[in-house]
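Model the placement of chain B on the given structure of chain A, informed by the hints.
Chains as they are written, first to last, in the numbering used here: chain A, 1 to 265; chain B, 1 to 340.
Read the hints as simulated data drawn from the structure, not as lab findings.
Because the structure is a prediction, the values reported are computed rather than measured.
A few of these clues could be false.
Said to hold, decoys possible - Covered by chain A, according to a simulated footprint, are these stretches of chain B (three or more residues, beta-carbon under 8 Å): (1) 70-76; (2) 108-118; (3) 247-257.
As the list claims (entries may be wrong) - If the Cβ cut is set under 8 Å, some of the chain A residues that face chain B in the computed set are: (4) SER93; (5) SER140; (6) THR261.
Unchecked claim - In silico negatives: residues of chain A with every beta carbon more than 10 Å from chain B: (7) ALA41; (8) VAL76; (9) PRO99; (10) LEU122; (11) LEU128; (12) LEU130; (13) PHE181; (14) LEU197; (15) ALA204; (16) LEU248; (17) TYR260.
Backbone N, C-alpha and C define an ideal beta-carbon position, used for all residues, glycine too.
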Amino acid sequence: MHLLPVYRIRLNLAVATLVQYRAALIIWIQGLVVEPIIYMAVWTQVAGDSGSVGGYAASDFAAYYLVWMVVRHFTVATNPNTIERRVRRGEFSPMLLLPVHPIHMDIADSIAYKIVALPALLVALVVLALVFPPEFALQSWSIPVFLLSLSLAFPIRFLFGWVLGLIAFWTTWARSFYGVFVVAEVFLTGRLAPLSLLPGWGLALASILPFRWMMSFPVEVLLGKLSLEQVVLGLGVQVIVLAVLLTLLLAIWPAAVERYTAAGA
Amino acid sequence: MATVIRVRDLARTYQVTEREAGLAAALRSLVRRRTRQVKAVDRVSFEIDAGEIVGFLGANGAGKTTSLKMLSGLLYPTAGEASVLGFTPSNREAAFLSQITLVMGQRNQLVWDVPAVDSFELSRAVYRLPRDEYRQTLDELIDLLDLQPVLGVPVRNLSLGERMKCEIAGALLHRPKVLFLDEPTIGLDVTAQRRIRAFLKEYNTRHNAAILLTSHYMADVEALCKRVIVIHHGHLIYDGDLTHLRQQFTTYKTIVVKPGDAPLDPALLAAYGEIICEEVGQIQLRVHRLDAARTTARLLADFPITDVSIVEPPIEEVIERVFAMPDRENVEPEPVYEAV
Numbered sequence: 001m002h003l004l005p006v007y008r009i010r011l012n013l014a015v016a017t018l019v020q021y022r023a024a025l026i027i028w029i030q031g032l033v034v035e036p037i038i039y040m041a042v043w044t045q046v047a048g049d050s051g052s053v054g055g056y057a058a059s060d061f062a063a064y065y066l067v068w069m070v071v072r073h074f075t076v077a078t079n080p081n082t083i084e085r086r087v088r089r090g091e092f093s094p095m096l097l098l099p100v101h102p103i104h105m106d107i108a109d110s111i112a113y114k115i116v117a118l119p120a121l122l123v124a125l126v127v128l129a130l131v132f133p134p135e136f137a138l139q140s141w142s143i144p145v146f147l148l149s150l151s152l153a154f155p156i157r158f159l160f161g162w163v164l165g166l167i168a169f170w171t172t173w174a175r176s177f178y179g180v181f182v183v184a185e186v187f188l189t190g191r192l193a194p195l196s197l198l199p200g201w202g203l204a205l206a207s208i209l210p211f212r213w214m215m216s217f218p219v220e221v222l223l224g225k226l227s228l229e230q231v232v233l234g235l236g237v238q239v240i241v242l243a244v245l246l247t248l249l250l251a252i253w254p255a256a257v258e259r260y261t262a263a264g265a
Numbered sequence: 001m002a003t004v005i006r007v008r009d010l011a012r013t014y015q016v017t018e019r020e021a022g023l024a025a026a027l028r029s030l031v032r033r034r035t036r037q038v039k040a041v042d043r044v045s046f047e048i049d050a051g052e053i054v055g056f057l058g059a060n061g062a063g064k065t066t067s068l069k070m071l072s073g074l075l076y077p078t079a080g081e082a083s084v085l086g087f088t089p090s091n092r093e094a095a096f097l098s099q100i101t102l103v104m105g106q107r108n109q110l111v112w113d114v115p116a117v118d119s120f121e122l123s124r125a126v127y128r129l130p131r132d133e134y135r136q137t138l139d140e141l142i143d144l145l146d147l148q149p150v151l152g153v154p155v156r157n158l159s160l161g162e163r164m165k166c167e168i169a170g171a172l173l174h175r176p177k178v179l180f181l182d183e184p185t186i187g188l189d190v191t192a193q194r195r196i197r198a199f200l201k202e203y204n205t206r207h208n209a210a211i212l213l214t215s216h217y218m219a220d221v222e223a224l225c226k227r228v229i230v231i232h233h234g235h236l237i238y239d240g241d242l243t244h245l246r247q248q249f250t251t252y253k254t255i256v257v258k259p260g261d262a263p264l265d266p267a268l269l270a271a272y273g274e275i276i277c278e279e280v281g282q283i284q285l286r287v288h289r290l291d292a293a294r295t296t297a298r299l300l301a302d303f304p305i306t307d308v309s310i311v312e313p314p315i316e317e318v319i320e321r322v323f324a325m326p327d328r329e330n331v332e333p334e335p336v337y338e339a340v
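Chain A extracted, bound-state conformation (with noise of 0.2 Å):
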């Protein structure tokens, strides 16, 4: 309980700052939107012309994309890059003074991050449903479950972006591997195309490793393309994922403490 202050004042400091630099909000609200449009256009194009791709007509492209900038937003992470330049340019040295772990910060500041781009989320949302009609296909239980999915998601993608960034304690160049990373959450997350448009290894690489559970699940939740025994198993996956990537980074966190040199700081 005593970390709810911490957050609430971190929130408000993060919130403060992202809103000093308009500029900068709308660069980066436009890479919030433009990426999806040209999934968007490209994908309702190519359905167009066949009538559907893979089972997904134009309308359901639009909803999946459309679902997917939402869960995209809200899953929005602390960067693997910013980790290794913490470590690399000695910048963990005055978090790690504090009597509380510096992931709280970063958690704290990620929230911030979507509550300050919220509102222009929700316009873009208005006006591309407007140029790319959807069409959903909800259960009863399809949007209380997917909000549960999407709550379980962030911390999974949050987790897994901290977990993957403190191979920088070790390495202190690490660069290289996050493009990796990155390359493979385009394809594994469902950000270029639905999971299920992928051959089968990818779906099952995708569903082995953390990408399915942090993005794509709770897009698959909302477009109603699971079963309610899908649902319930993927559900049981993302607590699993979760679970394993927390007992992950507090077994790793004291050795990567152990490793730090605070290099120039």
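Frame of chain A; chain B shown alone:
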């Protein structure tokens, strides 16, 4: 006095990679990496009591900052033991971190884009300070450091001196019992340096806090520290009174001679000691410290002098000499100037 810092044979070794300059050497190092073990701190031992202000001196790379980082829990020692307020720093327990602070010159702990007072609020929550206590401490810091005019200004818009004062205030809001200060006045103008020195002295007196301070400004050390620890190439080579440091590392004193109406001939004075400074109205002679009194008496007897004084060498000179030593096993003796 209770001992708050205990260090026994503390050591830290870094592995550093080395290569020659140039692209070819960079490519070679990709295949064959050459590493070297560097002993940044080598079996250092000392103790510091509550309420003490100790200067931690050494040239760049001597091991001062590494020591401070080990004592504040940022770095794990390779060997030896450290205890601060009864805690092992490397365990980084919250109760330990709540009672210490490490201020590193020019290293920003405040949130850059918002006023410092907002970052102070975060510290209040992080250290779980009761509002009344926080307000009281903040008012005290505002008063001592003259922070009122800068509190509402975003940190990025502050001058270096203003920012440093805010950094120090932020680092002390939780009233730490042990302060590790690494170059707290670096880059500041003389007025700001003096203000921070006065503040640290006041904080030390009010809260009986132990302070371990590194600084390249000897004025900081002379104003604040009765005791100094000198570290050189990772070894502790001196731990004691600042005034005794002069005696241990320099064997000379300076005699300042002010002539009467008739000018003095420096050539004649050279027979009494090494002339180190000739100015209008005064000449300075360097003599062996054991001969200072005898030489002064002879000068007064032999020349028409209106005033003469014996002064210790400036601490900067002493430290410069210590830093110039190759290592502790090869300390060269100070050249001695025989009195006539």
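Hints, one by one, checked against the model:
no.	hint	verdict
1	70-76	holds (count 5)
2	108-118	holds (count 7)
3	247-257	violated (count 0)
4	SER93	holds (6 Å)
5	SER140	violated (42 Å)
6	THR261	holds (7 Å)
7	ALA41	holds (36 Å)
8	VAL76	holds (19 Å)
9	PRO99	violated (4 Å)
10	LEU122	holds (25 Å)
11	LEU128	holds (31 Å)
12	LEU130	holds (36 Å)
13	PHE181	holds (23 Å)
14	LEU197	holds (40 Å)
15	ALA204	holds (36 Å)
16	LEU248	holds (20 Å)
17	TYR260	violated (7 Å)
Checked against the numbered hints given earlier, the structure breaks hints 3, 5, 9, 17 and satisfies all the rest.
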